[in-house]
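So the sequences go chain by chain: F and A. First residue of the first sequence: 1, per the working numbering; consecutive thereafter. First residue of the second sequence: 113, per the working numbering; consecutive thereafter.
Everything labelled a hint here was simulated from the structure, so no lab data went into it. Every residue gets a Cβ at the ideal spot worked out from N, C-alpha and C, and that includes glycine. One or more hints might be untrue.
[To be verified] Below, computed lysine-lysine pairings styled on DSS-like, alpha-carbon distance capped at 30 Å:
id : chain 1 : residue 1 : chain 2 : residue 2
1  : A       : K189      : A       : K219
2  : A       : K180      : F       : K14
3  : F       : K11       : A       : K172
4  : F       : K11       : F       : K57
5  : A       : K161      : A       : K180
6  : A       : K172      : F       : K57
7  : A       : K189      : A       : K172
8  : F       : K57       : A       : K161
9  : F       : K57       : A       : K164
10 : F       : K78       : A       : K219
[Unchecked claim] Covered stretches of chain F, going by a simulated chain A footprint (3 or more residues, C-beta under 8 Å):
id : segment
11 : 25-32
12 : 91-101
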Amino acid sequence: GAGVSQSPRYKVAKRGQDVALRCDPISGHVSLFWYQQALGQGPEFLTYFQNEAQLDKSGLPSDRFFAERPEGSVSTLKIQRTQQEDSAVYLCASSLEGYEQYFGPGTRLTVT
Amino acid sequence: GDSVTQMEGPVTLSEEAFLTINCTYTATGYPSLFWYVQYPGEGLQLLLKATKADDKGSNKGFEATYRKETTSFHLEKGSVQVSDSAVYFCALRRNSGGSNYKLTFGKGTLLTVNP
Chain F
1 GAGVSQSPRY KVAKRGQDVA LRCDPISGHV SLFWYQQALG QGPEFLTYFQ NEAQLDKSGL
61 PSDRFFAERP EGSVSTLKIQ RTQQEDSAVY LCASSLEGYE QYFGPGTRLT VT
Chain A
113 GDSVTQMEGP VTLSEEAFLT INCTYTATGY PSLFWYVQYP GEGLQLLLKA TKADDKGSNK
173 GFEATYRKET TSFHLEKGSV QVSDSAVYFC ALRRNSGGSN YKLTFGKGTL LTVNP
């Protein structure tokens, strides 16, 4: 079956632009996660949804980062007024509650 | 807070060599431990896991044993193949208490296997 998909796969933004990154989880997966992976580092947790409820946003680095999952399926991570330090790969993962997280291929964001 | 420390790379081996990638962790209580693999251009895939002390996770010839005494979860394979070339991440997840859903990752170890 289809895995987690993310779009776009690559995004180049000029500093100060807003970007929106999309995640389509595996159908039926209740839990959805966003992680940020800087170059040469491991993924770091950003936020967690259970259905449409955002239960943990403690990892979002600033108030420029916003995530939503309005219908409990597709999720969007939005970054306002992008800065160079936002350049990273953004990973989305989904799971049945309490089980293995399945990761998408990621969106590589480059802020110039 | 929780943390994972894994062997710095890159690691370069010849085909059929023995592989060890070290991983140690710091966490409250007894977490579940994981190894993920990231092949070039692909997303993270779960390679193996162990949920309690002395458990051994295994998959595709890779093994790792959850050692509570040394807070370690070292990845091993007896004979690597060129197709094992990838980045390997050690990770933990709490089994109880707060935030028992998010993964905490190490920095990753790049493995290159030459023919």
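Against the structure, the hints come out as follows:
Between A:K189 and A:K219 the alpha-carbon distance is near 20 Å, which keeps this suggested pair within the 30 Å criterion. A hinted pair counts as satisfied when its Cα atoms are at most 30 Å apart, and A:K180 with F:K14 does not qualify at roughly 47 Å. Between F:K11 and A:K172 the alpha-carbon distance is near 34 Å, which puts this suggested pair outside the 30 Å criterion. As the CA atoms of F:K11 and F:K57 are separated by approximately 23 Å, the hinted pair is consistent with the 30 Å bound.
Under the criterion of a C-alpha separation no larger than 30 Å, the hint pairing A:K161 with A:K180 is consistent with the structure, at around 14 Å. Our distance criterion of 30 Å between C-alpha atoms is broken by A:K172 and F:K57, whose separation comes to about 35 Å. Among the hinted pairs, A:K189 with A:K172 is consistent with the structure: their alpha-carbon atoms are about 9 Å apart, no more than 30 Å. Distance check on the hinted pair: F:K57 and A:K161 sit about 26 Å apart at the alpha-carbon level, within 30 Å; holds.
Proposed proximity of F:K57 and A:K164 is supported: the alpha carbons are some 28 Å apart, at most 30 Å. Taken as a hint, the F:K78 and A:K219 pair is honoured in the structure, with Cα atoms around 25 Å apart against an allowance of 30 Å. By the rule of at least three residues with a Cβ nearer than 8 Å to a Cβ of chain A, the coverage given for the segment 25-32 of chain F is violated, with 1 such residues. Residue count for the segment 91-101 of chain F with a Cβ under 8 Å from a Cβ of chain A: 5. That meets the three needed, and the coverage hint holds.
Going down the numbered hints, you'll see the structure goes against 2, 3, 6 and 11, while the others check out.
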